[in-house]
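Following the hints, put chain B in place on chain A, whose structure we already have.
As given, the protein sequences belong to chains A and B, one line each in that order. 499 is the number that the numbering used here gives to position 499 of the first sequence; each next residue is one higher, with no gaps. 129 is the number that the numbering used here gives to position 129 of the second sequence; each next residue is one higher, with no gaps.
I should point out that these hints are in silico values taken from the structure, not numbers from a laboratory. Please note that a few of the clues may not be correct.
[As the list claims (entries may be wrong)] To give an idea of the interface, some chain B residues facing chain A are shown, with a C-beta separation under 8 Å as derived from the structure: (1) G18; (2) I72; (3) D73.
All residues carry an ideal CB built from backbone N, CA and C; glycine is no exception.
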Amino acid sequence: MKLKGAEILLHCLQEEGVDTIFGYPGGAVLPIYDALYNSDIRHILARHEQGAGHAADGYARATGKVGVCLVTSGPGATNLVTAITTAYMDSIPIVCFTGQVGSSLIGKDAFQEADITGITLPITKHNYLVERTEDLRDIVREAFYIARTNRPGPVVVDLPKDVMDKVIDFEPNGQEEINIRGYRVMKGYNSGQIINAVELIKKATRPVLYAGGGVIASEAAEELRELAEKRQIPVTMTLMGLGAYPGNKALSLGMLGMHGTKYANYAVSECDLLIAVGARFDDRVTSKIDDFAPQAKIIHIDIDAAEIGKNVDINVPIVGQVKEVLQAINAKLGEVPEGHNKEWLETIERWKDAYPLRYPSSSDGRLMPQHIIEKVYELTNGEAIIATEVGQNQMWTAHYYKFKEPRTLLTSGGLGTMGYGFPAAIGAKVAAPDKVVIDIAGDGSIQMNIQELAVAVEQKLPVIICILNNHFLGMVRQWQGLFYEKRYSYTDMSHQPDFIKLAEAYGAIGIRVTEYDEVEAAIKKALASKDKPVVLDFWVAKEADVFPMVPSGASLMNMIGGD
Amino acid sequence: MAKANKHTLAVTVENKPGVLTRVTTLFRRRGYNIESLAVGATEDPNISRMTIEVDGDDKIIEQVTKQLYKLIDVIKIVDITEERSVDRELVLIKVRADTNVRAEIVQIVEIFRARIVDIGRTTLIIEATGDAGKISAIEDSLRPFGIVELVRTGKIAMVRGTTK
Chain A
1 MKLKGAEILL HCLQEEGVDT IFGYPGGAVL PIYDALYNSD IRHILARHEQ
51 GAGHAADGYA RATGKVGVCL VTSGPGATNL VTAITTAYMD SIPIVCFTGQ
101 VGSSLIGKDA FQEADITGIT LPITKHNYLV ERTEDLRDIV REAFYIARTN
151 RPGPVVVDLP KDVMDKVIDF EPNGQEEINI RGYRVMKGYN SGQIINAVEL
201 IKKATRPVLY AGGGVIASEA AEELRELAEK RQIPVTMTLM GLGAYPGNKA
251 LSLGMLGMHG TKYANYAVSE CDLLIAVGAR FDDRVTSKID DFAPQAKIIH
301 IDIDAAEIGK NVDINVPIVG QVKEVLQAIN AKLGEVPEGH NKEWLETIER
351 WKDAYPLRYP SSSDGRLMPQ HIIEKVYELT NGEAIIATEV GQNQMWTAHY
401 YKFKEPRTLL TSGGLGTMGY GFPAAIGAKV AAPDKVVIDI AGDGSIQMNI
451 QELAVAVEQK LPVIICILNN HFLGMVRQWQ GLFYEKRYSY TDMSHQPDFI
501 KLAEAYGAIG IRVTEYDEVE AAIKKALASK DKPVVLDFWV AKEADVFPMV
551 PSGASLMNMI GGD
Chain B
1 MAKANKHTLA VTVENKPGVL TRVTTLFRRR GYNIESLAVG ATEDPNISRM
51 TIEVDGDDKI IEQVTKQLYK LIDVIKIVDI TEERSVDREL VLIKVRADTN
101 VRAEIVQIVE IFRARIVDIG RTTLIIEATG DAGKISAIED SLRPFGIVEL
151 VRTGKIAMVR GTTK
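For reference, chain B alone in the conformation it holds in the complex:
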């Protein structure tokens, strides 16, 4: 049995309307599970890059890859799970912050090299970037104060070194 695990696929696609729907429709129809998906522009305005985290054993990932390749608008797929890569996610966390705990929160923010981007009367919005582990850690550290709202971008990733 191949072991079930998370894979990160870097998918290069045509920057055209509807491409995201084509990809997500395929995942839904074939019953594959998207853990996270981030999509954005690249150095070439005609090309977008999706970073898709998908849960499944090697067989499922092979099927996902082959089925994705059948989409006309998909140009290239690289499974970068095993590659040495830089992974980043961005998170915005609105946390309850009465005056008596603000100093403590500021300290946590500094430890994680995050930033405070909004100061409300009783809340702060904190912005942090990092790999999934760091994002989860900051989330855990702030939870005791009361998280009012949280949003994560999903992971983007790039292979280290000169290869593209």
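Extracted from the complex, chain A is given alone in its bound form:
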């Protein structure tokens, strides 16, 4: 049959199982939007391209499916750059379609022309400029394949307008196998290294599992749990790994690293075996790298060979799908008798008793932000999907919301993108309408993509935004307080909109909470909203800090605060 490039594109999307895309129209994508007009694909209209990108990312994190967004050329495409980088740093599978000026205008500095394939080279897993309509189908299939396989990541497909307009003969033929010479999907593992790993695990008396986002990407939470519980190995998680092992279980140590728990950091510092699973020894985790896990042999399991040995030397490297590798290890490990690792677990219990996460009472009479997270956790039974922005709100969430399941925390771990959480929450709510979806925000970061309220109202998505409003850029202020003699340089956010009126102006519900006895009722009211987003504006202590913390450059043993 004769089809236009734009129609072929939508056909290919449906072949990939895409039912929802997040986008924003413009001149160069007019042919695609015209084809969408009669399509079964649901299109969610963002109010800023960055919002569309983060929504596709949130959709992907919540489901494990590839998120899709569509924007126009030039500024539409460049507005996506932060969202693409966010997905790249956290290995999230999204495919971004960007419009491009007509082929004959490329390179001529045409109106709304930007070299988006050039711009996104270092922030994508791969990208394409489609030069011929005839190549479209293969490229779309490759793009999805590359985005979701091995270590996932964002792929950009740039679509010149004439390529979308051109009519060609198109036969919707069968799905031939994808064959990319320079890209093979990882299968299997080095079984010799599995034996080495099993030996080390059997010998260890003070083992720790260190789980990252790779466990979630590989759908390996069950296997991780089996390994931890069969061998009584405590589990610490990176920010990206939270939910990989239930945070409310006894073997959980919570998060490690700069704002990790003391007991997680002490355990890593004292362990004799560290089993890193789908994690990458990032600087926020290791802090002073020479002092990281100084007594431990290290097993590193990762899909990306380039991560192994990148930051620390590894005793047993295992490249492979985390899920497959853990299955192979579990199969070779027997159950252990009651009381295995008893001394080690007792030591950890002592640390947990001595250094629990705790916070002081308010010094200025305003609400303590940690209390809000505890209440949200309690009232959602720990079963909500929680998105966060970046900064103190993110760290308090990591501390006080005990994530039980993978894919329930959506947060920009690698790039640390303010403005990520709310659009990501919209993406997640679209993907999982039956789940409670909450964005934990700060008063600074929520203003970075607040325009997306219009989307949530229009789409009748009862996403809840909890603003922990301290009238500061809290995390930066905290560092200024600790390391720059309280010189609060440009972190005061006292001048801000009335978030209640702002919510109402968009057609959302807004509730301000300033007293402890209002907290629970406000959250309950928000949870009861069926078709409207709710903004909860919690006025929290202005100078509450995130503790404990490892000052930058110090070793994990030297934590300050939280006593």
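Coordinates of chain B only, in the frame set by chain A:
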């Protein structure tokens, strides 16, 4: 400590627009240092071959190799530093050559089995091929006459024998 040294990587890539940029962007972003880079066609029109000389210890070379493999358009990487291989570079040297020194220059050209490819009124252009040592030697020999302009291709290399 692994010792710092030059490695020669033979990198087989898809012959597509932008592949060179992908490779050089990766080097720049990760802070690896390219000593020389030569790229050209191969016996297969869909495949290009890059010869990259990179400075770094074994750990850095391992990272370079692994990161390069992550590029979808990179098909194969072989570190041929330790292989028995044929290395060649081509150089064009424009040298000052007044009539009184021309004979001397011609003699040097013959010793190095190089060629004179252009004769100007006061200059000669000399073309030479060889491994890096030979190219440096001819450059040194001609320097006293005054080198006006010099351009080197960067090294290309091939492993000896039947292996590919």
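A quick look at each hint next to the structure:
no. : hint : verdict
1   : G18  : holds, 7 Å
2   : I72  : holds, 4 Å
3   : D73  : holds, 6 Å
This entry satisfies every hint, going by the numbered hints stated previously.
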